[in-house]
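Residue numbers (the UniProt record's numbering), protein chains in the order written: chain F, 1 to 430; chain W, 1 to 430; chain R, 1 to 430; chain U, 1 to 430.
Careful: at least some of the hints might be erroneous.
[Said to hold, decoys possible] The calculated PhoX-like cross-link candidates involving lysine-lysine, where the alpha carbons are at most 25 Å apart (straight line), are: (1) F:K384 <-> U:K294; (2) U:K384 <-> F:K333; (3) U:K333 <-> F:K236.
Calculated from the structure, these hints are not laboratory results.
Everything numeric in this text was worked out from a predicted model, so none of it was measured.
Number of protein chains: 4
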Amino acid sequence: MSGATFFPKPEISVTNPASAAAAMAAPNPSLFSGSRTLAGRLTDAFLAVRSETERRAEPLTPEDQMVQSMPDASPTKWHRAHTTWFWEQFLLGEHSPGYIPFHPDYAFLFNSYYVGVGPRHARAQRGHLTRPGAEEITAYRRHVDAAVVKFFHDTSDKMLAGLIPLIEAGLNHEQQHQELMLTDILHAFAQNPMAPAYDTLWTSPAPHAGSGWTRLIEGIHTIGHQGDNFHFDNEKPAHRVLVGPVKLARGLVTNADWLAFMDDGGYRTASLWLMDGFAAATGEAWEAPGYWRKTADGWQVMTLGGLRPIDANAPVCHVSYYEADAFARWSGKHLPTEMEWEVAARAEQLDDAFGMVWQWTRSAYSPYPGYRASQDVLGEYNGKFMVNQLVLRGSSLATPERHSRVSYRNFFYPHHRWQFTGLRLADYGA
Amino acid sequence: MSGATFFPKPEISVTNPASAAAAMAAPNPSLFSGSRTLAGRLTDAFLAVRSETERRAEPLTPEDQMVQSMPDASPTKWHRAHTTWFWEQFLLGEHSPGYIPFHPDYAFLFNSYYVGVGPRHARAQRGHLTRPGAEEITAYRRHVDAAVVKFFHDTSDKMLAGLIPLIEAGLNHEQQHQELMLTDILHAFAQNPMAPAYDTLWTSPAPHAGSGWTRLIEGIHTIGHQGDNFHFDNEKPAHRVLVGPVKLARGLVTNADWLAFMDDGGYRTASLWLMDGFAAATGEAWEAPGYWRKTADGWQVMTLGGLRPIDANAPVCHVSYYEADAFARWSGKHLPTEMEWEVAARAEQLDDAFGMVWQWTRSAYSPYPGYRASQDVLGEYNGKFMVNQLVLRGSSLATPERHSRVSYRNFFYPHHRWQFTGLRLADYGA
Amino acid sequence: MSGATFFPKPEISVTNPASAAAAMAAPNPSLFSGSRTLAGRLTDAFLAVRSETERRAEPLTPEDQMVQSMPDASPTKWHRAHTTWFWEQFLLGEHSPGYIPFHPDYAFLFNSYYVGVGPRHARAQRGHLTRPGAEEITAYRRHVDAAVVKFFHDTSDKMLAGLIPLIEAGLNHEQQHQELMLTDILHAFAQNPMAPAYDTLWTSPAPHAGSGWTRLIEGIHTIGHQGDNFHFDNEKPAHRVLVGPVKLARGLVTNADWLAFMDDGGYRTASLWLMDGFAAATGEAWEAPGYWRKTADGWQVMTLGGLRPIDANAPVCHVSYYEADAFARWSGKHLPTEMEWEVAARAEQLDDAFGMVWQWTRSAYSPYPGYRASQDVLGEYNGKFMVNQLVLRGSSLATPERHSRVSYRNFFYPHHRWQFTGLRLADYGA
Amino acid sequence: MSGATFFPKPEISVTNPASAAAAMAAPNPSLFSGSRTLAGRLTDAFLAVRSETERRAEPLTPEDQMVQSMPDASPTKWHRAHTTWFWEQFLLGEHSPGYIPFHPDYAFLFNSYYVGVGPRHARAQRGHLTRPGAEEITAYRRHVDAAVVKFFHDTSDKMLAGLIPLIEAGLNHEQQHQELMLTDILHAFAQNPMAPAYDTLWTSPAPHAGSGWTRLIEGIHTIGHQGDNFHFDNEKPAHRVLVGPVKLARGLVTNADWLAFMDDGGYRTASLWLMDGFAAATGEAWEAPGYWRKTADGWQVMTLGGLRPIDANAPVCHVSYYEADAFARWSGKHLPTEMEWEVAARAEQLDDAFGMVWQWTRSAYSPYPGYRASQDVLGEYNGKFMVNQLVLRGSSLATPERHSRVSYRNFFYPHHRWQFTGLRLADYGA
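Extracted from the complex, chain F is given alone in its bound form (with noise of 0.2 Å):
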């Protein structure tokens, strides 16, 4: 292969947004924007979040608001909730003089694992719950948001920019539900024989024709977030790593790609995988990616518009790190480190690093040299999930606008196959 070569100096920034790739320009705006008063921008973002989870709830029945197709996933109705009630406990409780909340009931229903805030209804029973309904949550969500909108015409400026921390990280925890709201029902949908569409005229995103690799020579690269814009505490502290030599595929892995894999025997090979995968493999009965169904009419995947025909060309998706490591490894490449993947991101080198799938790295889920958890109740977040997870990078078809970011980390167990997770290659070879 002759890939383009691509020398990106160390330390080089991103420091013409202007001029980046579409992709690139919507990772990490400001959430806050373009209006008069800090009142009304915070009204605004907050409405535009708060309207999107209900946009996406909107095709949904309430019987479909309430299922709970595996413990890793929530019900709708819950999603709804457990976001409303973030609101409640951060903001308004905390911040909001005499504020009486919706429900007594409501925090230990909908608490979802912060422990510093008190007991909480069991993960795995969300979907046991009827009572409240859609229904009732819907006037949970008009109450809360009714107040918040309220508090901010009601506080002074000085008090709301000293609350814009908290803010930005609601908004930003909503739209992290945002995504597991559609990852979720696309599980419980496709649990279903009658494959029930979310909604018959979606359609997947269209990749970029990209092919090729691009290569890294080794250099000193700062990684992790920088500036004052809106991240997760995980994302710190920005450090300088090494990097390279190596290469990077411009391109997703497409499901033609995966085809081959699947007719050389690839889940049946236990040479190519990781033990623990192989024992996964073999105990679930993997023999394609996550909701392929074989058909008289061939492979079939179930999407958010039902079920469709394979799409060669399309990257391929629900995939998990155990099958995206075998296929690398079948592939005589690799899975590319997180670092590897930041650092060509970073240089606008990559296509299809957002909006598509998340994009597995063989990097583990681990703390930046120095990082400690924040030591309030939102510090929780994220560094307790610090041991046995993968990084995947970039962001998926299913990721609200303006929540990626260049220095993004997601994480899920090795196992997880229920989110938009694809992969890209690296290779280390001359």
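Based on these hints, arrange chains W, R and U on the given structure of chain F.
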């Protein structure tokens, strides 16, 4: 104790139903009565049962109807659909030429365990089916109801007469699911910290003030179903058994009795328990009957009317066989056999035999001598469960009218306690 | 079939043991006989049983004696030590003043399930105890044997007479473990790909060529143990039951019969099986009785003599209740109840009732009417197991001499098949 | 704290092994030395390693050698046989024409996980194999030892030279099992209430009184194995990394340190723990390191010398990664990465780096950039484990002489604590 002595004559039968207590009158009248033509009588009986199913579902939201709070329970929606599928599969599908099933996937989704009929959706996943929704099930029921009624009126009396056994099986089958609809939704509501009420106006039936004992001297009696009325195959063949001497309590064990057992450390005293029972009790941390909650105001219990204080005079309910057996040992008494129960019940010597709680017997659920399951597909009904379960006799507050029978054999595993299950004692002492 | 008709008189008892068949003569003679003094007779009986235990352990290496190949089984070493602990705990510890236990930790290590006696080592971990080793257990046994014999000779006849029930219990308890020593080591050897033989010269007992049926007309019979000889508490109280009409097979089901069942797809035909049974059969991939191996030379079976070809005429062995029940249904027959078995056995109408294979009955293991476990610590012995198990009658090739009894009730869970278990059929047809 | 400042030069290497501390001298000398001919040197090295295996087994009874006290552990007997099988399979079987395996079944029984070599006995069942016994394994070892030595002397130097990599692999493989022999038998003994000692005279090595910190400034270093000596494939390829600034503790965390953590409620404080770690700690009821027992005389710990009082100055041992991570967070410090550890160790700045306890790093066990497992059967060795485990560096008191190496990468799952595992801290503060 000075129990009234009772000397049933061997082979006594209930010769004068007109004089029997109300509880005894209920059992086993025909479901078909009061109309002029056979088609008319079938239609009346059919619509009465079908509308009772819908009446029981009526207080429930779409979300309520979807929940499956444990693998043993099924969603309301599923009960409504499965009982409908029965008519479609066994009556219309086999006897109404040209009938087109309402939906091609429903046979797969709503078959329960009739292996002979084909593959079926996994039981434990019933709560993951968001579609079809409650409204679609309502349409399904209406469609099938209309088709059945039309079929009755389009079919000759001669053919209808031949179908009566099947129709009776279908009606009784649906009645069984009517009871499960209540037990299953109560289980789900009991898991909800908010303790929703199925019907806030619900009241438990008042027990008869039964006290003392009824004595059975040794005698040969015929056990099991005799005559032409509907019965399940497990009630056959009627056969002769030697019963007694034994005394049976006239009344049911009450909550007051049970509180004394609890106060005496009953749940923590290994020597009172069967070994498997104590393993269940400690493994599941039982310290009171099912659905009891210890509150600041004392013990309360989750009922169809919501959370209510314990009524000391009411029969204890939601106890497993293991608990019933431990209680009997603690009392210095035993549980009766199902034969003893039936003999005493036939002689109208038991109070609250029907309509309060099912009563655990110490009889394992085994085939009667020479029992052979019928070879048609309905023959899967009862015989395959005849191991590892115990017989309960009588009926409960959730049992539909006209479904009780003195020869009725209900059965559950010894750890089960989500049914309306209680006990009465037996005494083999002098 | 033309079974010989047999009319037992109701209430018949075995009035003339001298004339009974050898198989019937064995059951229930006293273990104490032939010696001059009471102390002498006790010593003879004691040493006879104790040396039989050692004789059974003799072919085994120290490693063999340590294995616990599944939680239900126990190491040989443990059986040898536990039976010794019994004497130390209940005889010497309570009745021999000043007796010092051989080792202070052994009571904890070698108690089995006597909750009343104190805490005990976890059952499933017995195979993890490398020390004390087989040699130390030999020393332990010698120490206790000497102390018991000395105790017998130092104690007055009057006091000894009062201890006879305890001593009989200890001897019968040890005999039960003698049978388990063989079943447990055979399970371990059967897991070993090298198929070691317990005794290469071992031969299975020859079956009597029983064929045809014995008929029981309806009659009242007394079931259970009567008289003064030793018995377990579960054989009491003797009580009257109505038995028949039924026919029982004179002989046991053979391997030839079983191969016909297998050839007819018995293991794959769901309609022949109890639901729980088919789940076990598929979950554990049964396709033949336990210990059968399909080899290039046909079916072979792991026996005490090592791997041997199937003997078509031998009784089938190592079948579970689930398999026995499925076989009976496939045959158009049933399993007998334990009452039917006992009535026919008392009348000497069953061939191979003893000394070949335990025979599954369809009777659940339940208390006889009015049964109450004794309140002392030995009372834990049988009563706590009276749920979820099935009764087996007769005895097996591994049962020690003088341990069989016509009223003996053995019991195992329906999935168990590591005991020497087989079946005989019953027929309720005309 | 006033840690001595240490400025390693980037790319520093250990230039003067003669002057290094004893602990550093040990790593990675050749196993082959001091003899005249190549065959002689190979024979010396081979017999030295083989006899060390037997020396470690010598204190153990046949029963001790059979126990498998958890699925992760293996019986001593199995270790002795498996390491022997290695020579038979890979050296004699492939390079000694006409060699006949000692026993035809041993390849099946004693293969471990080399999928490429064929089927193998289930790992979790190793403790169920009573035969072959310890004596037969001794005969097996003698047979193979003699055959190998004869092979060395019958083979040309040229051919032997080509086999050196295989022979080194076999010797290092056997040394790894020598360490496991001690960790596995200690686990079994620790389960025994009688707390048997492996060697009553055993004493733990004395720690160096390391205190304070060594500082690494930022610099580029080469990590991984370089040169011709033996190494495992996972130590390759050597590659450059950017390390620092960071400080590493000179000494290991001690029992005194750990008791302070325990006294401060460390095991009960969820906020100190990784989420998966706290689940393990509560699920397994950890309240102290592995093998600690709370006695009337205070905390004691099960060692190779039996139960001993806690030595406050000794390094804490038998802690899992989860515990090590929680301790580090409680200390306001971190665990080092494996790269940091290696850089400091190469510069001889770490006390007790070798020979005490393996030291958890926070580095996930991942492939070095461009790592590719070799394609022959020995290539199964390390690569397939590169997920879900964490790297430990250094070596332990159980590591055989001449087996340690500064680039050595040991790895275990984060919940494992039956190895001799401890930790040293890192500090990223100013």
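* Asked: Which of the numbered hints above does this structure break?
  -> Violated hint (a single one): 1; every other hint is consistent with the structure.
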